[in-house]
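Take a look at the letters that make up each chain.
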Amino acid sequence: MTLAVRHTWFMVGRQLRNLMREPIWIALLLVQPMVWLLLYGQLFKRVTNLPGGGFGTTSYITFLAPAIVIMNAFFGATWSGMAMISDLDRDVLPRFLATPVSRISLVVSQIVRSALIAVIQGVIILLVALALGVRVDTGLLGWVVILAAAALMNSAFAGLSQGIALLVRKEATMIAIANFIGLPLFFLSSTLISIRQVPHWMQIAAKFNPVNWGVIAAREVVLPGTDWGSVAFHLALLLGLSVATAAFATWTFQAYQRTI
Amino acid sequence: MGVDAIVVDELRKHYGDVEALAGVGFRVQSGEVFGLLGPNGAGKSTTVKVLATLTKPDSGRAEIAGRDVLHEPDAVRRAIGYVPQSSGVDRDATGRENLMLQGRIQGVVGQALHARVDELLELLGLSDAADRVVRGYSGGMKRRLDVGLGLVHRPQVLFLDEPTTGLDPEARASMWGELERLAEGEALTILLTTHYMEEADQLADRLAIVSRGRVVVEGSPEDLKRSLRGESVEVELADGRAADAASVVAALEGVHEASADGRKLRSRVASGARAIPSILSALDAEGIGVEAVTTHRPSLDDVYLHYTGREFTAEDEAGSQQGSARGRR
Numbered sequence: 001m002t003l004a005v006r007h008t009w010f011m012v013g014r015q016l017r018n019l020m021r022e023p024i025w026i027a028l029l030l031v032q033p034m035v036w037l038l039l040y041g042q043l044f045k046r047v048t049n050l051p052g053g054g055f056g057t058t059s060y061i062t063f064l065a066p067a068i069v070i071m072n073a074f075f076g077a078t079w080s081g082m083a084m085i086s087d088l089d090r091d092v093l094p095r096f097l098a099t100p101v102s103r104i105s106l107v108v109s110q111i112v113r114s115a116l117i118a119v120i121q122g123v124i125i126l127l128v129a130l131a132l133g134v135r136v137d138t139g140l141l142g143w144v145v146i147l148a149a150a151a152l153m154n155s156a157f158a159g160l161s162q163g164i165a166l167l168v169r170k171e172a173t174m175i176a177i178a179n180f181i182g183l184p185l186f187f188l189s190s191t192l193i194s195i196r197q198v199p200h201w202m203q204i205a206a207k208f209n210p211v212n213w214g215v216i217a218a219r220e221v222v223l224p225g226t227d228w229g230s231v232a233f234h235l236a237l238l239l240g241l242s243v244a245t246a247a248f249a250t251w252t253f254q255a256y257q258r259t260i
Numbered sequence: 001m002g003v004d005a006i007v008v009d010e011l012r013k014h015y016g017d018v019e020a021l022a023g024v025g026f027r028v029q030s031g032e033v034f035g036l037l038g039p040n041g042a043g044k045s046t047t048v049k050v051l052a053t054l055t056k057p058d059s060g061r062a063e064i065a066g067r068d069v070l071h072e073p074d075a076v077r078r079a080i081g082y083v084p085q086s087s088g089v090d091r092d093a094t095g096r097e098n099l100m101l102q103g104r105i106q107g108v109v110g111q112a113l114h115a116r117v118d119e120l121l122e123l124l125g126l127s128d129a130a131d132r133v134v135r136g137y138s139g140g141m142k143r144r145l146d147v148g149l150g151l152v153h154r155p156q157v158l159f160l161d162e163p164t165t166g167l168d169p170e171a172r173a174s175m176w177g178e179l180e181r182l183a184e185g186e187a188l189t190i191l192l193t194t195h196y197m198e199e200a201d202q203l204a205d206r207l208a209i210v211s212r213g214r215v216v217v218e219g220s221p222e223d224l225k226r227s228l229r230g231e232s233v234e235v236e237l238a239d240g241r242a243a244d245a246a247s248v249v250a251a252l253e254g255v256h257e258a259s260a261d262g263r264k265l266r267s268r269v270a271s272g273a274r275a276i277p278s279i280l281s282a283l284d285a286e287g288i289g290v291e292a293v294t295t296h297r298p299s300l301d302d303v304y305l306h307y308t309g310r311e312f313t314a315e316d317e318a319g320s321q322q323g324s325a326r327g328r329r
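Chains as they are written, first to last, in this note's numbering: chain A, 1 to 260; chain B, 1 to 329.
No lab work stands behind these hints, which were simulated from the structure alone.
Not one of these hints is a red herring.
Using C-beta positions, here's what the derived DEER-type ranges look like:
| no. | chain 1 | residue 1 | chain 2 | residue 2 | range |
| --- | --- | --- | --- | --- | --- |
| 1 | B | R12 | A | Q32 | 51 to 57 angstroms |
| 2 | A | L3 | B | E122 | 28 to 34 angstroms |
| 3 | A | E22 | B | R12 | 44 to 50 angstroms |
| 4 | A | L16 | B | G107 | 18 to 24 angstroms |
| 5 | A | L3 | B | R154 | 19 to 25 angstroms |
| 6 | B | H71 | A | V35 | 53 to 59 angstroms |
Simulated coverage check for chain B against chain A, where a stretch passes if three residues somewhere in it have a Cβ under 8 angstroms from a Cβ of chain A:
| no. | region |
| --- | --- |
| 7 | 53-64 |
| 8 | 73-86 |
Using N, Cα and C, we set each Cβ at its ideal position, and we do this for glycine too.
Produce the complete structure using the sequences and hints provided.
Below, the structure written as structure tokens:
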């Protein structure tokens, strides 16, 4: 076990070093969430006045900001399998497999790297939100909860993405699947609008949507009247899903090893 | 000495309907450089993948340094260095970072690791490029780094799967120099696969010719060459009628065998001086034009053709000359 942890650490280090060599990527990956936060947030700022309400605040950007952190973590996760495909294409994996490296570390490190990036980006998004006047009602603890929700949100889908990458092993297929999963789950959540404002069937669907679990947990700590039970419940759901998808990714990795 | 570093016994493996290994078997002594020579698709890489614990055979047995590849894979992995056919370096990292990571997962740590990495960079002529990202390396540099990755933990056995494929002749020659020095300096047992005859001839103490998943013949390059009697005569033809020429020449007295190879006719004869006049007049009688005739002692090339000849086209997907000659007919 300690060996698996050590090797995961080595592998995460490898990926982060490579990423830091081109830090421009972290910035570029932030363009999309910033567009949502800055442009969409301004465009629809009167949406909180809708009859029926349910926003819990009159500041739309305060409503939106924690959800954008989650959205960013989610979309980042759907793409995280691309790094695995790149390692497969370049035969990096067979080289590692001929060493006593912990097999599980090769999979888990991809998920950890993905979640770490989601957290770093989450901090940046929150700092921009802070500059725009967003206040987290529960203070520092709230920040920790939002970032934990982002990490769990990301790892839940990073595990799925790694597993799919190991099954399809083609970039084009991976892109198609990421889009197929990404947009519907995003729009079937309360990321952009209060759940009370959407059709009944969507409200039902959102209950089962992991993206919505993350949004609920992150938003609860930002808005006044935090329901800690709901926060804990939804974080636990995401944790459970993360464990399940990591197991799925490990299983697909074993399937890949049998094809060498 | 005299201890077997590699024991391979009756390995069989199928990929779907394709029989990759059909009972391949050989032994390599400790300290030896052993070559597996054969066309693409003969089963060389699959054999190495089994020995490097990457894939499991359907049946058969293999041991590296006394450890069974199926039952003690981690012990085998610590004892071996594996240089795969296609480079497995992380192109976004520097040469030094690649080596450091490889060392760490092999359990080399601290000052010993730093010293070993420096030593290897120096040995492989990569010191100046050590802290540059691998993406900018030449093909030869990348390949040398691959070899370094296989050596960082001082393995007992090194697998080199087609170490010079894709390198230009100059880089190949310098790679051979590096490998020869390594074989001497590091007290290594090396298993080398190649489809370059010269490479096997130059580097291997002993070699096995592999065809269709089994060993066809085994011995030192010298023994194998000696096993072919007589001399080789190569006739370069003016037109593409190599197959016709081969059947004409094969029927002549004093000719052991003749085969077509693109625009060339290769034949083995008892005596070159006596055979050449009769070969030339026979070809002349058939109206087949001749551009050049050469004769030489059997090379490993001839050994290779002799043992794999007929199967060569079938196995060698990348085989250009024979394939295109056949297409033109």
